[in-house]
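Protein chains in written order, with my numbering: chain C, 8 to 311; chain S, 291 to 497.
Hints are computed from structural coordinates only; laboratory data are not their basis. Don't take every hint at face value.
In silico PhoX-like cross-links for lysine-lysine, where the CA-CA straight-line distance does not exceed 20 Å [said to hold, decoys possible]:
| hint | chain 1 | residue 1 | chain 2 | residue 2 |
| --- | --- | --- | --- | --- |
| 1 | C | 69 | C | 244 |
| 2 | S | 467 | C | 35 |
| 3 | C | 244 | S | 467 |
The following residues of chain S were derived to be distant from chain C, with all beta-carbon distances above 12 Å [as the list claims (entries may be wrong)]:
| hint | residue |
| --- | --- |
| 4 | 299 |
| 5 | 347 |
| 6 | 399 |
| 7 | 425 |
No experiment lies behind these values; they were computed from the predicted model shown. Each residue gets a CB set at the ideal place from its N, CA and C atoms; glycine is no exception.
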Amino acid sequence: MTNIGVIISMVFIFGGLLAIMIYSLRGKDIDRRIIFLFVFISVATSVIFNVEFKEYPTVIVKKVFDKIESLPPGSKVLISFDFDPAMKPEVFPMANAFVRHCLVKGHKIYLMTIWATGQALMNETVETVIKEEFPDAVYGEDYVTLGFKAGGVGVLNVIITDFRKMYPTDEHGTSLDSIPLFAEVKSAKDLDLVLPIGGGQPGPKEWILFIGDPGDVPIAPGLAAVVAPLIYPYYPKQAIGLLGGVKGAAEYESLLRQVYPQFQDVPAPALRMMGPQTMAHIVIMAFIVIGNITYFRSRRRGAE
Amino acid sequence: MKKEIPLAIVFVAGVFMAVQFFVPHAGSEWIYEFVMEWTIIIGIFALALGIWSLLRVSTTKIKRKMENWPYAVVLLAGLVSMIIFGMGFMGGVESYMFRHFFNHVMIPLHATMFSLLAFFIASAAFRAFKARSALATVLLISALVLMLRFNPYLGPVGDLDADLASWILNVPNLAAKRAIIIGIGLGMVATALKVILGIERSYMGSD
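Next comes chain S alone, as it looks inside the complex (with noise of 0.2 Å):
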C-alpha cells in the first residue's frame, strides 16, 4: 500500500489534468482552478520549508566554526531583520526600512554581481573566441555581426550588418531553439507518461 496509493494519486491526477485540458465545461474549470489552488499552498509550504532548511544549514555551519561560517551570521541576520521589517507592525513592505534595504543594499548587490559578467565575459572571449575550426570560425563571425548589429555607432550605415543579424537570429537561430524545444517537449511528454503510468517511480524515494 505505501507504493500502490501514491501511484493511483499519480495516475487519476494525471489523467484528470490530460482530459481536462480538452473538456471546455465549467465544472472542469471549477476542479482545475480548485487544483491549481492546492499546487500554490504546496509551493507556499515548500518555500517553509525551503527557510527552514537555511536555517538549520546556517546555524549548524555557524555552531561548528565551518569554514566561511561568518557570512552564515550575515545571512540569517539579513534574512532576520527583512522579516521583521516587512511585518505589518513594522510597516509591511512599503515600511522605511523595509525599502531602504531594499534599495540601497539588495538592488545595489545584485546589480553589481550581475555587472561582473562584463569582465569575464571580455576576458572569456580573448582566450575562447578563436577561430580554431570552422564551426567555431562560424560561431565567431557570428558572434561579431550581433556584436556589431547592437552597436549603434554604425546607424543606417549598418543596415546590411543588421540584415545580416536578424537572419542569424531568425533563421539558424529560430531552426535550433525551436527544434530544441520541441525536442524538450516530446521528452517531457514521455516522462509524463512514465510517471503517470508508474514506470518512473524515482520520485516515491528508494525506499
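Only chain C is shown next, with the shape it has when bound in the complex (with noise of 0.2 Å):
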C-alpha cells in the first residue's frame, strides 16, 4: 500500500508540477491557491497512504539517545512539558519517546512543566504511555507529577537551590517528603538527566542558562524545528544533544525500535509525519527551483 501510495503521489505531484513548470516558462503567472492546492495534496496523498520512511538516526540525536542508554539503572530524569497544543505534534512524540526510554531502562522520572498548557498534555503522557504501556511503574517510585506552577524562569531559579520551596508537594498534593523518589533530590543539581521539551519562552534555552550551566546538570532539549538552530549555539557543552522537530523525534523513535524491538508496535507518530512533511518539502524544493528557472528565463528575455 505504501509503495503504491509513493508512486501515485509521486506521478500525480511531479507530472502536476512539470505542467506548472512549462506553464510558468510561457510567461504566465503561478496563483499561489495552485502552491496551496499542491501542498495538500501532497500532504494528504502521504496521510491516506501512509507513506512512510526509514529513518537514519543523526550524531546530535543519537548523542541524546546514548546518553539515556549509558546512564545506570534508578538515575533520577527530569522531563519538563515546555509547550503548547500547537508545538504537540512536532514536539510531543520526543516526550513520549523519553519516558518509554527511561522507564524500559529503568530510570526514575520527574515530570513537570513551566507552560500551564503543558500540564494536560503530561497528564496525557501518564494516561496513555506510562500506565498502558508500563502498568508496573508505582507512582512515588519509578514515576512522579510535579505539574505546573508560574512564575517562568523564576521557578528554574528556584528549583536549582530547592525543590520544596516551589513545590512543597507534587501534583496531587502529596508532600515531596513522604515521596520515595524525592528522598536523595533536594534540588536539580541532584538529577542526572534532564530533558526539556519545548520552544517558546521560557523553555529549553532557559534550562540551560538556570539549571544546566549553573548545577552542572547535563540538558539534552527536545525542540520545535523553528528554534532548533537557536540552540545549535550550545551543543556540544552546554546541551549533549538536541532533537529538532519531526524529523528529530523520528529518528528517535526509530533509535528507540532498533534497539528495543518491543517497541516495534508502540504508536511512532513521528515516523508517520515525516512522510507527509517530505512530500512537502519535496514540492516546496520543486516550486523553489521552478521559481528560479522562471526567474532566470524572464531575466534573459528582459536582457534580448
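Join the two chains, each given in its own frame, into one complex according to the hints.
Written as C-alpha cells, this is what we have:
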C-alpha cells in the first residue's frame, strides 16, 4: 500500500509540477492557490497512503539516546513539558519516546512543566504511555508528576537551590517529603539528566542557562524545528545533544525501535509524520527550483 | 523622593543580585530564594492584571460594537468557561469538560494555525527564494541543502548532503549565532548597568 501510495503521489505531484513549470516558462504567473493545492495534495496523499520512510539517526540525536542508555538504572531524569498544543505534533512524540526510553532502562522520571498548557499534555503522557505501556511502574517510586507552577524562569531559579520551596507537594497534593523519589533529591543539582521539551520562552534555552550551567546538570533538549538552530550554539557542551522538530523525534523513535524491538508495535507518530513532511518538502523544493528557472528565463528575455 | 526611592531600590537590588551570584553561602542563597519567590508573586499579579486588562478591552469592544466585536464575545466565553471548568468544585483541570475543551478545541485550533505555516512558507519560498545576488544564492543553496538533509528519501546515499548540512549548521550557523548571543549578552550587561546606575530611567515612566 505504501509503495503504491508513493508511486501514485509522485506521479500526480511531479506530473502537476511539470505542467506548472511549462505554464510558468510561457511567462504566465502562478496563482498562489495552485501552490497551496499542491502542498495540500502532497500532505493528504501521504496521510491517506500512510507513506513512511526509513530514518537514519544523526549524531546529535544519537548523543541524547546514548546518554540515556549510558546512565545506570535508577538514574534521576527530569522531563519538562514546556509547550502548548500548537507545538504538540512536533514535540509530543519526543516526550513520549523519552518516557518510554527512561522507563525501559529503569530510570526514575520526574515530570513537570513551566507552561500552563503543558499540564494537560503531561497528564496525557501519564495516561497513554506510562499507565498503558508500563502498568508495573509505581507512582512515587518510578515516576512522579510535579505539575505546573507559574513563574517561568523564577521557578527554575528556585528549584536549582531547593525543589520543596517551589513544589511543597506534587501535582496531587502529596508532600514531597513522603515521596520516595524525592528522598535523595533536594534540588535540580541532584538530577542526572534534564530533558526540557518545547520551543518557546521560557523553554529549553532557559533550562540550559538557569539549570544546566549553574547546576552542572546535563541537558538534552527536544525542540520545535523553528527554534532548533537557535539552540545549536549550546551544543555539544551546554546541551549534550538535541532533537529538532519532527525529524529529530522520528530519528529517536527509529533508534528506540532498533534497540528495543518491543517498541515495534507502539505508536510512532513522528515516523508517520515524516512522510507528509517529506512530500511537502519535495513540493516546496520543486517550487523553489521552478521559481528560479522562470526568474532566469524572464531575466534573459528582458536582456534580449 | 518620587524618583530617588525607586532608583535606590533598583541600585540595591541590582548590586545585591550581581554580588550574590559569586557568594556560595547558605545565607546568600536564602536571600536569593526569597527574592525569587517575590518575582513569582509579582508575575502572578501581572497575570491577574493581564486578565483584567483583557476583560476591559473586550467588554468595551462589545459595548461599542466595534469592528470584529463578536470575536470578543467568543474570547470572553472561552475565558469564563475554562475558568469555571477548571475550578475545584467542577473537578479541577482533570475534569471531563476542561480536558474535553482542551483536547478537542484548543489543541486542534492551535495545530491548525501552526500547520497553515506550511502553505504560506511554500508560497513565500516560490516567490522570494530567488538567486538575485551572490548572497541570495548562498542562502538559497543552504536552504536546499538543509531541506534535502531532512529528507529520508535520500537515505545513506545522502551522506554527502548530510555532512554538508551538518557543516552549515555547525560552522557558519554556529559562528553567526554565537556572535549574536555574545553581542546580546554584552548589550544586556550594558543596559543592566545603565539601569542599576540610574542612567536609564525609562522604566519609571515619563513624569
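Need the list of violated hint numbers for this structure, in ascending order. 2, 6
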